[in-house]
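Asks: Residue strings, one per chain:
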Amino acid sequence: MTPLAAVNDFVVKFANVNGSGSASANGLFAKVILRMGVPVGARNIFPSNIQGLPTWYEVRVSEDNWLGRRGGVDLMVAMNPQTWDADVKSIEPGGYLLYDSSKPLPAAKFRDDITLIGAPLTEMIAAEFTNPRERQLLKNICYVGVLAQLLGFETEVVKQLVTEEFKGKDKLIQPNFKAFDLGRAYAEANLAPIGLKVRRADKVGDRIFVEGNDAAALGAVYGGATFCAWYPITPSTSLAESFEKYCKALRTDADGKRRFAIVQAEDEIASIGMVLGAGWAGARSFTCTSGPGVSLMNEFIGFSYYAEIPGVIFDVQRGGPSTGMPTRTQQSDLLLAAYASHGDTKHPMLFPANPTEAFEFGALAFDIADRFQTTTFVMLELDIGMQEWLTEPFKWDPSRKLDRGKVVTAEMLGAGFQFGRYRDVDGDAVPYRTYPGTHPSKGSYFTRGSSHDKDARYSERGEDYTEGMERLLKKWDTMKYAVPAPIRKNAKRRTPDGVLYFGSTDAAMDEALHALEARGVHLDALRVRAFPFTSEVFDFIRDHEQVFVVEQNRDGQLKSLLINEGGIHPARLVSVLHYDGTPITARFIIKDISAKLEAARAAALPEKA
Amino acid sequence: MTYLAKPPLHHPSLEKNALGFTRRDYEGRISTLCAGCGHDSISAAIIQACFEIDLAPHRLAKFSGIGCSSKTPDYFVSPAHGFNAVHGRMPSVLTGANVAAKDLIYLGVSGDGDSASIGLGQFAHCVRRGVNMTYIVENNGVYGLTKGQFSATSDKGSKAKKGAENKDSPIDLVMLALQLGATYVGRSFSGDKHQLVPLIKGALSHKGTAFIDVLSPCIAFNNHVGSTKSFDYVRAHNEAVNRLDVITPRAPIHATYAPGELKEVVQHDGSILRLRKLEEDYDSTNRNAALGYLAHKAAEGEIVTGLLFVDPDANDLHDGLNTVDVSLNKLGDADLIPPVSALEKINAGLR
Chain H
1 MTPLAAVNDF VVKFANVNGS GSASANGLFA KVILRMGVPV GARNIFPSNI
51 QGLPTWYEVR VSEDNWLGRR GGVDLMVAMN PQTWDADVKS IEPGGYLLYD
101 SSKPLPAAKF RDDITLIGAP LTEMIAAEFT NPRERQLLKN ICYVGVLAQL
151 LGFETEVVKQ LVTEEFKGKD KLIQPNFKAF DLGRAYAEAN LAPIGLKVRR
201 ADKVGDRIFV EGNDAAALGA VYGGATFCAW YPITPSTSLA ESFEKYCKAL
251 RTDADGKRRF AIVQAEDEIA SIGMVLGAGW AGARSFTCTS GPGVSLMNEF
301 IGFSYYAEIP GVIFDVQRGG PSTGMPTRTQ QSDLLLAAYA SHGDTKHPML
351 FPANPTEAFE FGALAFDIAD RFQTTTFVML ELDIGMQEWL TEPFKWDPSR
401 KLDRGKVVTA EMLGAGFQFG RYRDVDGDAV PYRTYPGTHP SKGSYFTRGS
451 SHDKDARYSE RGEDYTEGME RLLKKWDTMK YAVPAPIRKN AKRRTPDGVL
501 YFGSTDAAMD EALHALEARG VHLDALRVRA FPFTSEVFDF IRDHEQVFVV
551 EQNRDGQLKS LLINEGGIHP ARLVSVLHYD GTPITARFII KDISAKLEAA
601 RAAALPEKA
Chain U
610 MTYLAKPPLH HPSLEKNALG FTRRDYEGRI STLCAGCGHD SISAAIIQAC
660 FEIDLAPHRL AKFSGIGCSS KTPDYFVSPA HGFNAVHGRM PSVLTGANVA
710 AKDLIYLGVS GDGDSASIGL GQFAHCVRRG VNMTYIVENN GVYGLTKGQF
760 SATSDKGSKA KKGAENKDSP IDLVMLALQL GATYVGRSFS GDKHQLVPLI
810 KGALSHKGTA FIDVLSPCIA FNNHVGSTKS FDYVRAHNEA VNRLDVITPR
860 APIHATYAPG ELKEVVQHDG SILRLRKLEE DYDSTNRNAA LGYLAHKAAE
910 GEIVTGLLFV DPDANDLHDG LNTVDVSLNK LGDADLIPPV SALEKINAGL
960 R
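As you go down the protein sequences, you meet chains H and U in turn.
If you use this note's numbering, the first sequence corresponds to residues 1 to 609, in order.
If you use this note's numbering, the second sequence corresponds to residues 610 to 960, in order.
These are calculated hints, taken from the structure and not from any lab test.
Do not rely on the hints blindly, as some may be mistaken.
Residues from chain U shown here face chain H by an in silico Cβ test under 8 Å; the list is partial [stated by the list, open to error]:
1. 701
2. 708
3. 710
4. 713
Pair by pair, the computed Cβ-Cβ distance ranges are [as the list claims (entries may be wrong)]:
5. U:754 with H:403: 39 to 45 Å
6. U:622 with H:426: 42 to 48 Å
7. U:778 with H:426: 52 to 58 Å
8. H:457 with U:643: 18 to 24 Å
9. H:420 with U:620: 27 to 33 Å
10. U:892 with H:425: 54 to 60 Å
11. H:457 with U:621: 46 to 52 Å
12. U:890 with H:19: 31 to 37 Å
13. H:474 with U:754: 31 to 37 Å
14. H:406 with U:957: 34 to 40 Å
15. U:624 with H:480: 52 to 58 Å
16. U:771 with H:457: 32 to 38 Å
Mimicking EDC-like on lysine to aspartate or glutamate, the simulated pairs with C-alpha atoms at most 16 Å apart in a straight line are [stated by the list, open to error]:
17. U:954 with H:206
18. H:257 with U:934
19. H:248 with U:944
20. H:257 with U:890
21. H:401 with U:942
22. H:401 with U:944
Cβ atoms here follow ideal geometry from the backbone N, Cα and C, with glycine treated the same way.
Input sequences plus hints: build the corresponding full structure.
Replies: What follows is the structure, given as structure tokens:
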């Protein structure tokens, strides 16, 4: 078997035990490559656990900017005996295995079609360091040293990053240097060169390396959110933490007083209740949660729809149902969020594809919520929220104003504005509202989830009820002009086949489309970015005979929404579904779509006589 | 109930408060509750209290959950914004509004079903946080809107209208509020306007969470012999520990009492709580003593009423959050959107 050879285009996977301090070493590995101007896509695959269970870190090195998961592993760094067998098995033929050779392993534990790279990591570290915790942490840096030598890292870049990482904890710098040098020197003296190399390039540009939750929280800051009410739940927790971090830095007065508030509520129900209370009173507010939290919030979400109160929910989706897979990624809350709560309801959803869009939609969601006076979902995914992505830098137009929607002021009331809370004054079905305490004698109203007339008075008359419900439907149509339009990428030649997808699938889809095209498979592609669907989405389906709908859930939830909202014949939509909790790969998309196209062609051929 | 709304005309001789409002300016829509319902008396007491403390009606924000009691905010102070939330969740909605607009006076009205069963968690955490509000539970020991089921505040052994006996231990929201750190705690009776109005006045003037449990018999489903929440039972077992007068900062002080009879507490807004003791040994500034006294009296079947505890120097949620003095809902774009240079700096730190 010829060993794999590639420059700036391969996949490295680290298999570790969680709680062993591997995350910072692995993160360092990815950042060194970035600093050498070579793009990486990096993903943590981690357990719902604090210490002792298997965790992986996968780095896609790609000078061509394919930053989704490719599938397969070219170089495995196997540091976890618990998962050794599966990890070794997952290596591509001709790939490489780096392992700790301090203790001998039976030959049966290896494969003969891969290159074995043994380095006595534990032994080397034990000889130089005595503290057990220090030994555990530095073993990780030691394998980075080995890899640096094998892959051709620039040592100055590594040292610069270590210095930045431990700034303020300077006494940690020298031990890290020492551990790194041990590994590097060992490899230089004892290991044969390998076929995988990182070579300095200039393909990173001004892009940033950031997690989606961090980006979304910063979007909320720029979007004018002043209040976050939340309850801890994986994988959304870091969004609230980032909001606090950025607000402390950017919204604190000289005297220490804060232009923001964060309340850790007693549960998700209280979180959304607080968000709606604040939204009702005119402060932009949000909660961040995951599927189980949205399940709990249902009653209030329906209340928000019917009483027309703005609020934003960041749903960082994880594997469901029930407790499901808290630390694995999915796109499986679409139906839950779209129609949350009893009765006839619908809620807008935004689907960011990466941290840059998480920032943009994180800000935009507040404009939509205020403009349309309803709960607005930002549908993040664990793969976006909790992973660092190489992504376009954040941008903000300094002339941009926060769109507070139709708010009646004391001046307007004083000038004779005839206020009725649920009246359709402008013909767009979006009513006017007042904040509490606006005017001494005008503009007050009573908010309720029970049926009401257009002046917010309690009413059980059928006509009042249907008038309100019809207006809400019309408001839904108005919303289609305010949400982000889909992004279309046409194939190089005319094709009857299309593909629809959304969210984190974008990265793997780009690579899959490229590869399929090289094989002569042409697909027009449309990335859906919001619900309600805009007319472009249905135009796209109409323009194609067959449309693949790629999703990271079992039941084809986007497909269901398309059929339900657009009256699409189900046979025109073909699901491509990846839902094992790991991020979708380009290889999976290529294989599944190719197989389905092949099957369709075979079915279309006339039977042989 | 009556179907006939009173004409909105004000008789010129109606008494006016310091802001020039009459009592009628604090009224609401016509109540849809049963004729004689204790809850309507509480609404009347709220109207009277708001009038007497010279509260501009639109400065009030009123909240409730679901149930008979929660219907009532529509029946008082119409110039105020009102919010009828979902069942048991009034505290969270009020908390959010309070975070957003700290410049208003917050009143939450709830019932024993709304706060002691489905909403017990939100009640507890709202009190813990010290949300600056008046929290009134209109406590009748029964689910009225669904026609007569026991609620969680029903006493063990109390009888339902159809004869069933309650087997479960009752939840005493006053005791809970004290344990959870409420800084103004009272109990009263819907039939005792002279006790209730000053308690509400003191609560509305209080900084921090003011909780008032108001026994409010349900004349339709829980006012029979054998019920411990009937008018007759509450009257017979009501033991008031003190009588409260609330003197607003602007009002002249003229009454005189013999020394030792009176305790005066000055609240954050300058209002004075003047307590005339009816129970010699009762100290309403001692939380632990209040808890002991209440436990002792509850065991004897007595219903202790009055201002049971007050801490006039309490902190509220905003003190902990350290928010700016201006309400968050009044901050503009310049206060909220960081400069582009800050974003560029963040970008630079992520490379």
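Asks: Taking the beta carbons of residue 457 (chain H) and residue 643 (chain U), is their distance inside 18 to 24 Å?
Replies: 21 Å, holds
Asks: Sort out whether residue 206 (chain H) lies within 16 Å of residue 954 (chain U), counting only the CA atoms.
Replies: Satisfied, since the Cα-Cα distance of roughly 13 Å is no more than 16 Å.
Asks: With respect to the beta-carbon atoms only, verify the hint that residue 890 (chain U) and residue 19 (chain H) lie 31 to 37 Å apart.
Replies: With a Cβ separation near 57 Å, residue 890 (chain U) and residue 19 (chain H) fall outside 31 to 37 Å, so the hint is violated.
Asks: Within 32 to 38 Å or not, the Cβ separation of residue 771 (chain U) and residue 457 (chain H)?
Replies: 36 Å, holds
Asks: Taking the Cβ atom of residue 754 (chain U) and the Cβ atom of residue 403 (chain H), is their distance within the range 39 to 45 Å?
Replies: Since residue 754 (chain U) and residue 403 (chain H) have Cβ atoms about 40 Å apart, the given range 39 to 45 Å holds.
Asks: Is residue 257 (chain H) within 16 Å of residue 890 (chain U), Cα to Cα?
Replies: 43 Å, violated
Asks: So if I understand the rule, the pair passes when the alpha-carbon distance is 16 Å or less; does residue 248 (chain H) with residue 944 (chain U) pass?
Replies: Roughly 14 Å between the alpha carbons, so the hint for residue 248 (chain H) and residue 944 (chain U) holds.
Asks: Residue 710 (chain U) was flagged as interface toward chain H. Is the shortest Cβ-Cβ separation under 8 Å?
Replies: 4 Å, holds
Asks: Determine whether the Cβ-Cβ distance between residue 778 (chain U) and residue 426 (chain H) falls within the hinted range of 52 to 58 Å.
Replies: This hint holds: roughly 56 Å between Cβ atoms.
Asks: When the nearest CB of chain H is found for residue 708 (chain U), is that gap smaller than 8 Å?
Replies: 5 Å, holds
Asks: Taking 16 Å as the top limit, are the C-alpha atoms of residue 257 (chain H) and residue 934 (chain U) close enough?
Replies: 8 Å, holds
Asks: Could one say that the CB atoms of residue 892 (chain U) and residue 425 (chain H) fall in the range 54 to 60 Å?
Replies: 58 Å, holds
Of the numbered hints listed earlier, those contradicted by the structure are 11, 12 and 20.
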